[in-house]
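Engineer: Below are the chains, spelled out letter by letter.
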Amino acid sequence: MTDTKPYRILIVDDEADVRDYLRMALEDAGFVVETAEDGLEAMESVQRSAPDLVSLDLVMPRHSGAKFYHDLQKDKTLSKIPVLIVTGHARDEMGKNDFNEMTMSGPGIYLEKPVRHDSYVSAIRSLLGIQGAEDHMNDSERLRGELAAVLSTADTGTLQRALDALKKK
Amino acid sequence: MTPQSQSELDQLLGRSMFEVVPFNVAVIDRDFSIVAGNTNFEEYFGPWRNRSCYEVCKHTSRPCERCALRAMFIDGRPRVSEETGVDRHGRTRHYVAHLVPLMDPTGHVAHVMAMTTDSTETRSWKREYDRLFERVPCPAFVIDREYRVIQANDKFREFFGIPDGRFCYEVCKRGKSRCRSCTAALTFADARDHVATEVGVHQDGSPAHYVVTSSPVLRGHEGVSHVIQIAADISEISQLERELRKTQDYYETLIHNSPSGIIALDSSGDPKVVNPAARALLEWTDSQLPTAARLKEMMPVQFFASGAMPEGKLQLSEISVSSAQQQEIPVRFSAVELRSGRQHLGRAAFIEDLREIKQLEQEKLDTERLAAVGQTVAGLAHTIKNLLMGLEGGMYMVDSGMSRSDAARITSGWQMLQRNIEKTTGLVKDFLSFAKGRLPELRPTDPNKLARDIVALYVDAARLQRVELSLNLGADVKVAPLDAQGMETCITNLLSNGIDAAAMRAEGGGEVILRTREQAGDLLFEVIDNGCGMDCEVSRKVFTTFFTTKGNKGTGLGLLTTRKIVQEHGGRIDVESTPGQGATFRIRLPRERLQAIANSASEPAISSHGAM
Chain E
1 MTDTKPYRIL IVDDEADVRD YLRMALEDAG FVVETAEDGL EAMESVQRSA PDLVSLDLVM
61 PRHSGAKFYH DLQKDKTLSK IPVLIVTGHA RDEMGKNDFN EMTMSGPGIY LEKPVRHDSY
121 VSAIRSLLGI QGAEDHMNDS ERLRGELAAV LSTADTGTLQ RALDALKKK
Chain L
1 MTPQSQSELD QLLGRSMFEV VPFNVAVIDR DFSIVAGNTN FEEYFGPWRN RSCYEVCKHT
61 SRPCERCALR AMFIDGRPRV SEETGVDRHG RTRHYVAHLV PLMDPTGHVA HVMAMTTDST
121 ETRSWKREYD RLFERVPCPA FVIDREYRVI QANDKFREFF GIPDGRFCYE VCKRGKSRCR
181 SCTAALTFAD ARDHVATEVG VHQDGSPAHY VVTSSPVLRG HEGVSHVIQI AADISEISQL
241 ERELRKTQDY YETLIHNSPS GIIALDSSGD PKVVNPAARA LLEWTDSQLP TAARLKEMMP
301 VQFFASGAMP EGKLQLSEIS VSSAQQQEIP VRFSAVELRS GRQHLGRAAF IEDLREIKQL
361 EQEKLDTERL AAVGQTVAGL AHTIKNLLMG LEGGMYMVDS GMSRSDAARI TSGWQMLQRN
421 IEKTTGLVKD FLSFAKGRLP ELRPTDPNKL ARDIVALYVD AARLQRVELS LNLGADVKVA
481 PLDAQGMETC ITNLLSNGID AAAMRAEGGG EVILRTREQA GDLLFEVIDN GCGMDCEVSR
541 KVFTTFFTTK GNKGTGLGLL TTRKIVQEHG GRIDVESTPG QGATFRIRLP RERLQAIANS
601 ASEPAISSHG AM
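Chains as they are written, first to last, in my numbering: chain E, 1 to 169; chain L, 1 to 612.
A hint or two may mislead.
Here are the simulated SDA-like pairs of lysine to any residue, each with C-alpha atoms no more than 25 Å apart in a straight line [claimed, not checked]:
hint, chain 1, residue 1, chain 2, residue 2
1, E, Lys80, E, Thr158
2, L, Lys385, E, Asp20
3, L, Lys385, E, Glu41
4, L, Lys385, E, Glu34
5, L, Lys423, E, Ala16
6, L, Lys423, E, Leu163
7, L, Lys429, E, Pro114
8, E, Lys167, L, Ala407
9, E, Lys74, L, Pro579
10, L, Lys385, E, Arg125
11, L, Lys296, L, Ser317
12, L, Lys385, E, Thr35
13, L, Lys313, L, Arg355
14, L, Lys385, E, Lys168
Now the in silico label distances, taken between C-beta atoms and shown as ranges [unchecked claim]:
hint, chain 1, residue 1, chain 2, residue 2, range
15, E, Val32, L, Arg404, 15 to 21 Å
16, L, Glu422, E, Asp75, 37 to 43 Å
17, E, Leu40, L, Glu518, 35 to 41 Å
18, E, Glu27, L, Asp446, 57 to 63 Å
19, L, Gln359, E, Ala16, 46 to 52 Å
20, E, Ala16, L, Asp446, 56 to 62 Å
21, L, Glu318, E, Leu40, 52 to 58 Å
22, L, Glu518, E, Glu27, 36 to 42 Å
23, E, Glu27, L, Gln415, 17 to 23 Å
24, E, Asp75, L, Glu518, 47 to 53 Å
25, E, Ala16, L, Glu318, 51 to 57 Å
26, L, Glu422, E, Leu40, 25 to 31 Å
27, L, Glu422, E, Glu27, 23 to 29 Å
28, E, Asp75, L, Glu361, 48 to 54 Å
Because the hints were derived from the structure by calculation, they are not lab data. Just so it is clear, CB atoms sit at the ideal spot from N, CA and C, and this is done for glycine as well.
Extracted from the complex, chain E is given alone in its bound form (with noise of 0.2 Å):
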């Protein structure tokens, strides 16, 4: 994998809120992103072309994050594919034994929602080992971010110069 080709993750999870802000966080900061509803879905893309990384939601109908977990074990290739689990029932009757299984013999990083899209952000990085990267990625965005925080505050005076010199450029 080379810096000019984007990560791409597969994000699972049956909410499709859930899905629709995930999608966008990674996708800002440079990731390119799939979407499954659930375990039946997820296994379907993976087969397809696996992800660098596979985001994963731990109840669901159908098929439940955990039995799509063990399907991905079974295979030799696909068992390779990191998994981060974003789940809301990790200390729940509901997910906690699926979720103890899986954080002894697996992935060993979870998050618990609502999760915030930085510390999301930065889970999938590490995960990837690119946490180094994240200033290179996201460059232009936290430029944007300063300025637009300057404008906001800026006298005419200073806006007329700053688009001058943007308008130079």
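We have chain E; now place chain L onto it with these hints.
Structural biologist: Same frame as chain E, now just chain L:
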């Protein structure tokens, strides 16, 4: 007085004495001829003049073989002899003869005076007595003052064995010395009858139970010379008594130790048995039994009503008794008429204290409710986490949209925020309605009509989702006490789930059937869909948590509410499902419990709501 006159006096006296004595008197000479006889003699034996004694008294022609007179003429000593002869009517007679020698002046026995008295009657009495003694239907025996058995009847020999002149205590009790308490000793002392119950030994060695009566045999001045004892055999009776005692002990122990209260009345309605459990239940501490009137205040009236036991039995399942302290105690009450053949002996009540059971039921309910609260809180937390996740997402989109001046992104961010705020509102509403609920009001309802009405409401909505909704009504389904509104909520929830599941079939052809039927005293509502089905982990959790598989659509409270209402009807709900093959949700309402809940609706003790 002159010797002349003296001799005359003697003669006169002798003659009149001869006539007056209450004996048959005859004077017999050495040739056995009767030379004199008084009137009594002649009346008894007949004419005697110029006849011999054997002719007159025995109607024989020769002197008797064993003649007492002959010896007397030789030795001159008086004799007493028992004789059998013939009276003047030719009847055989027994008599006792007192024979006195009469001396002539030379000292020879010239005559014998025979004074006889009839003993025929005495002999027959003796015979009667002997016969009685033998015939008396129990052992009888006579003992002398030494306590030797001198006479015993056959029954005695059968019972105790042959006495053989042994002591009574040897024969009857195989003892070596006199008994400590002895009726014979008392009778010897006071010449009265004495009775006692004795335990002796049968001839065969087994214990002999008998009642002995000692009666005195009196002999003139000597006092009690003998005691006659009659023993009435009561071995069998005492055996029966022991058996009866055993049986009685057996049942008394049962009654005494029964954990159920037992109260029994005799045929006139007076209390005869109030066992310890009944005493405890009724808080009756008096050692006396309660009176009939007092008992009436405590027991259900049906127990005393004359016509209340048509088949000799009475069952009252939800009733209370009133204790001595005026406390109402819920019990299960059953009563039975006591009979022996056609004879009415009384009635008995069996009372089971239901307080502990009610308490346990309440505690179980509380425990279940607490567990449900725990699960609900956990489920609620999860639902809230998802809502927060949606809000987080909305905020991110609005924030990032603003920094990029991306209006579209801001709009969808706002929409996401609105959606999740709406869902929060919905959750709170659902949650409140679940938590508060309302008391079910059970009224007679036709389950089939209820089912028809609900399906009529939803058939069009189902068709919009390309799902065919149909009815399958049991013909034998009868009216039941139901909270129609609550039950409608339940069935509607299940139908709506089923329709959603059936609508998800990729291949179409979704179907949902609402079925009613009766099964072993239970009323069943079933919602059968051919949708995606659920795997068992989902079906296990489906009623206990805020479980939703409907993405944005549900809050997950529907099934929880359904279960609550069904439970308030005394029923239960379960699900059969195979992933990919649809599911059957079944509401099962035992009719007995429906009726009980309907009956007790007015009793505040039964209501168990409002804890959550």
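Engineer: Are the hints correct? Go through all of them and say.
Structural biologist: Status of each hint after checking the structure:
| no. | hint | result |
| --- | --- | --- |
| 1 | Lys80(E) to Thr158(E) | 53 Å, violated |
| 2 | Lys385(L) to Asp20(E) | 16 Å, holds |
| 3 | Lys385(L) to Glu41(E) | 24 Å, holds |
| 4 | Lys385(L) to Glu34(E) | 23 Å, holds |
| 5 | Lys423(L) to Ala16(E) | 14 Å, holds |
| 6 | Lys423(L) to Leu163(E) | 44 Å, violated |
| 7 | Lys429(L) to Pro114(E) | 22 Å, holds |
| 8 | Lys167(E) to Ala407(L) | 23 Å, holds |
| 9 | Lys74(E) to Pro579(L) | 22 Å, holds |
| 10 | Lys385(L) to Arg125(E) | 24 Å, holds |
| 11 | Lys296(L) to Ser317(L) | 19 Å, holds |
| 12 | Lys385(L) to Thr35(E) | 21 Å, holds |
| 13 | Lys313(L) to Arg355(L) | 24 Å, holds |
| 14 | Lys385(L) to Lys168(E) | 49 Å, violated |
| 15 | Val32(E) to Arg404(L): 15 to 21 Å | 19 Å, holds |
| 16 | Glu422(L) to Asp75(E): 37 to 43 Å | 41 Å, holds |
| 17 | Leu40(E) to Glu518(L): 35 to 41 Å | 40 Å, holds |
| 18 | Glu27(E) to Asp446(L): 57 to 63 Å | 59 Å, holds |
| 19 | Gln359(L) to Ala16(E): 46 to 52 Å | 50 Å, holds |
| 20 | Ala16(E) to Asp446(L): 56 to 62 Å | 43 Å, violated |
| 21 | Glu318(L) to Leu40(E): 52 to 58 Å | 53 Å, holds |
| 22 | Glu518(L) to Glu27(E): 36 to 42 Å | 59 Å, violated |
| 23 | Glu27(E) to Gln415(L): 17 to 23 Å | 18 Å, holds |
| 24 | Asp75(E) to Glu518(L): 47 to 53 Å | 52 Å, holds |
| 25 | Ala16(E) to Glu318(L): 51 to 57 Å | 53 Å, holds |
| 26 | Glu422(L) to Leu40(E): 25 to 31 Å | 29 Å, holds |
| 27 | Glu422(L) to Glu27(E): 23 to 29 Å | 26 Å, holds |
| 28 | Asp75(E) to Glu361(L): 48 to 54 Å | 53 Å, holds |
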